[in-house]
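Enquirer: Here is how the chains run, residue by residue.
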Amino acid sequence: MEGPELLLEVKGLKTYFFLDEGTVKAVEGADFSLLRGGTLGIVGESGCGKTVTAYSITQLIESPGRIVEGQILFHRRLNGVEGSPATTEVVDLAKLRPGSRSICEIRGSEIAMVFQEPMTALSPVHTIGDQIMEVILLHRKVSKKEAREQTVEMLRHVGIPKSETRLDTYPFQLSGGMRQRAMIAMALMCRPSLLIADEPTTALDVTMQAQILELMKQLQREMGMAVILITHNLGVVAEVCEQVAVMYLGEVVEWADVEALFADPLHPYTQALLRSIPKLGQSKKGRLDPIKGMVPDPYNRPGGCPFHPRCAQMIAGRCDQERPPLVRRPDGRTVRCVLYADS
Amino acid sequence: MEKCSVLLTVNDLKMHFPIRHGFLQRVTGYVKAVDGVSFSVCCGETLGLVGESGCGKTTIGRCLMRAYEPTCGTMIYQNERGETVDLARLPGRQLKPYRRELRMIFQDPYSSLNPRMTVLDIVAEPLRVHHLAKGKDLEDRVAALLKRVGLRPEYMRRYPHAFSGGQRQRIGIARALALSPRIVICDEAVSALDVSVQAQILNILQDLQLELNLTYLFISHDLSVVEYIADRVAVMYVGKLVEVAPTERLFNAPRHPYTEALLSAVPKPDPRMRSRRIVLEGEVADPANPPSGCYFHPRCRYAQARCATERPELHDVGQGQQVACHFAEELSLSGVRAN
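Here the protein sequences come in this chain order: R and U. At the far end of the first sequence sits residue 343, using my numbering, and the numbering has no gaps. At the far end of the second sequence sits residue 1339, using my numbering, and the numbering has no gaps.
Among these hints, one or two may not hold up.
Stretch-level coverage of chain U by chain R, calculated; a stretch enters the list once three of its residues show a Cβ under 8 angstroms from a Cβ in chain R [unchecked claim]:
| no. | region |
| --- | --- |
| 1 | 1195-1208 |
| 2 | 1253-1263 |
Example chain R residues on the side facing chain U (calculated, C-beta under 10 angstroms, incomplete) [claimed, not checked]:
| no. | residue |
| --- | --- |
| 3 | Pro4 |
| 4 | Glu5 |
| 5 | Leu6 |
| 6 | Thr51 |
| 7 | Gly65 |
| 8 | Gly176 |
| 9 | Thr207 |
| 10 | Glu214 |
| 11 | Val236 |
| 12 | Val237 |
| 13 | Glu239 |
| 14 | Cys241 |
| 15 | Ser276 |
| 16 | Arg287 |
| 17 | Pro290 |
| 18 | Lys292 |
Read the hints as simulated data drawn from the structure, not as lab findings. Note that this is a predicted model, so its numbers are computed, not measured. Each residue gets a CB set at the ideal place from its N, CA and C atoms; glycine is no exception.
The whole structure should be built from the sequences, with the hints applied where relevant.
Expert: Structure, rendered in structure tokens:
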């Protein structure tokens, strides 16, 4: 296939957690793909499986959770001999054993992750320098001195002033924004081809959020990496992403280009979500239109389409019975809803 | 502006927390969390209070509740009979009747409800403390309150863990309303909720305001929520108010550079509006050691020499708008609808 090169394809991913109380189907059919250098946003309310999807890609799911079905095809670029074109190899990450040598080689080096809470994701008893250097010492053949130099360089790159001295500070000595910058530096140390950022700005103020988003965009341009941005903030998605996957109860219910999604949302959940948020600069005094009810308990997933109890366009006898098929539209968008099944 | 009866006037409120050091716990400095704030709230309106974390929004709320003893300043409250009292100076015993009239809704619905108390006990506690009801009557009143916030009264013997975040926040609202307050301080009341649930709670707050003629002080860092719910908005930066204006004015024609930057930093849920954002450099100043002159000048795009030395006062610029900036009249700043 010509044109932009694929980096990641997720097909029919299912990740379940087997608990005493029952099986939690955290991810129940996630399908999306991502181009090299592209930006994908995954949005949805809490508990809809955004984070579990990300953890599945990096094989960070812990027992009793397990990927039970599906493929995660990662197109890995192998460094060819200089001059010759780089060859790609396709790895199915879902088949790799968690903790196996092959996933450890990829994770941290080719796929890196920025976690949600900069307060808890960093170790409080190690200096940030040590924590960042660990990544590169693990994945690359470098001496400690070189690692330290590269770390200083990277910290400067992500906008931490006085990086030579900041290297030896502990996370508690840094503010939230600085800590998130350190997290990003750590993720970027090995120049990954895919960065997964799980709610990277949720814990930050709007002004700091703007700084971090700007930084991520700039670094993405420079390094040509692809980004998966997980967030519940539709504003952030509209601002930085090229494609969006909307998740509800473990399913990707809609996957589309960002302009198309915001201009013409197809799935009733996407439509309801967009209606329910107060938008800055739009006339007030109208009431918000909330989605009725709430995200159901994960132990009792509704049958049929998981959204049907809250859906305004529910077709009785159909939506509560059959699982809607994945409909691929001519423009490449996919949507999982019976409303579009017949066209 | 319609005429309004002023319910609460806060004048030059200061809350300085001492920093103590060493064996003798000597006071080595002060964190000036709130440093000379003045505003007033009219009956039946919603005043939004916005700013970044650490700017003193919550401290104002807690001073009003007298959870903190303000360092200085007055908080003149007008009760139903038209008498005025200074809440900042009232001793504990005399304060008790006013505790019924000012109530608070807290940010985190998970930590603001006692997990060992049933919903009935949680909502009934203020009624019991004030000896307003007991026995069957108490239960009936709790049931009515729960119904009013959209919860099933049958659930009142359950514990908070059985409820979702949105339902817990409703319980918190029911508790705040138990004593039929006049002013409700909503401290980030919807920040911890998912977007779809957030809309439900915002609608409930609006309905209740109309029904019960409530006055809200709505503290939030989310500008789109504040624009939706507030009639007037006060913007705070490092313990001081930098701008107060009617909502529409503030969002369309901000006069303070900080307000402008804050508005432009909010991600808009519309990809066609990918904005030329103003990215503020640096971080919020330390309230223990604020910069000289205008506290905002190190991050301000328009700062001039005068800003570093002279502190601007909040002054009126017409149409109900007050700004603390030397150049408020000269700058032309863009709001949200301009782009």
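Enquirer: Against each hint, give a clear statement of whether it holds in the structure.
Expert: Here's how the hints hold up against the structure:
With 9 residues having a beta carbon nearer than 8 angstroms to a beta carbon of chain R, the region 1195-1208 of chain U meets the requirement of three or more and the stated coverage holds. Restraint check on the region 1253-1263 of chain U versus chain R: 3 residues with Cβ-Cβ distances below 8 angstroms, three needed, restraint holds. Taking 10 angstroms as the C-beta cut-off, the interface hint given for proline 4(R) is violated, the closest approach to chain U being about 19 angstroms. At its closest, the beta carbon of glutamate 5(R) sits 24 angstroms from a beta carbon of chain U; the interface hint therefore is violated under the 10 angstroms criterion.
The beta carbon of leucine 6(R) is not positioned within 10 angstroms of any beta carbon in chain U (closest approach about 23 angstroms), and the interface hint is therefore violated. Among the interface hints, the one on threonine 51(R) is violated; its C-beta lies about 14 angstroms from the nearest C-beta in chain U, farther than the 10 angstroms criterion. Interface restraint check for glycine 65(R): the shortest CB-CB distance to chain U comes to about 22 angstroms, outside 10 angstroms, so the restraint is violated. Residue-level restraint check for glycine 176(R) holds (minimum Cβ-Cβ distance to chain U is 8 angstroms; threshold 10 angstroms).
The criterion of a C-beta within 10 angstroms of any C-beta in chain U is met by threonine 207(R), whose closest approach is roughly 5 angstroms, and the hint holds. Taking 10 angstroms as the C-beta contact cut-off toward chain U, the hint placing glutamate 214(R) at the interface holds, the least distance being around 5 angstroms. Hint status for valine 236(R) relative to chain U: holds, with the closest Cβ pair at about 5 angstroms, below 10 angstroms. Residue-level restraint check for valine 237(R) holds (minimum Cβ-Cβ distance to chain U is 8 angstroms; threshold 10 angstroms).
For the restraint placing glutamate 239(R) at the interface with chain U, the shortest Cβ-Cβ distance is roughly 4 angstroms, inside the 10 angstroms limit, so the hint holds. Interface hint status for cysteine 241(R): upheld, as the beta-carbon distance to the closest one in chain U is roughly 8 angstroms, under 10 angstroms. The restraint placing serine 276(R) at the interface with chain U holds, with a minimum CB-CB distance near 4 angstroms, inside the 10 angstroms limit. For arginine 287(R), the interface hint holds, since its Cβ comes within 10 angstroms of a Cβ in chain U; the closest pair sits about 6 angstroms apart.
Because the closest C-beta pair between proline 290(R) and chain U is about 4 angstroms apart, less than 10 angstroms, the hint holds. Interface hint at lysine 292(R): satisfied, since its Cβ lies 8 angstroms from the closest Cβ of chain U, which is below the 10 angstroms cut-off.
Comparing the model with each earlier hint shows violations of hints 3, 4, 5, 6, 7; every other hint is respected.
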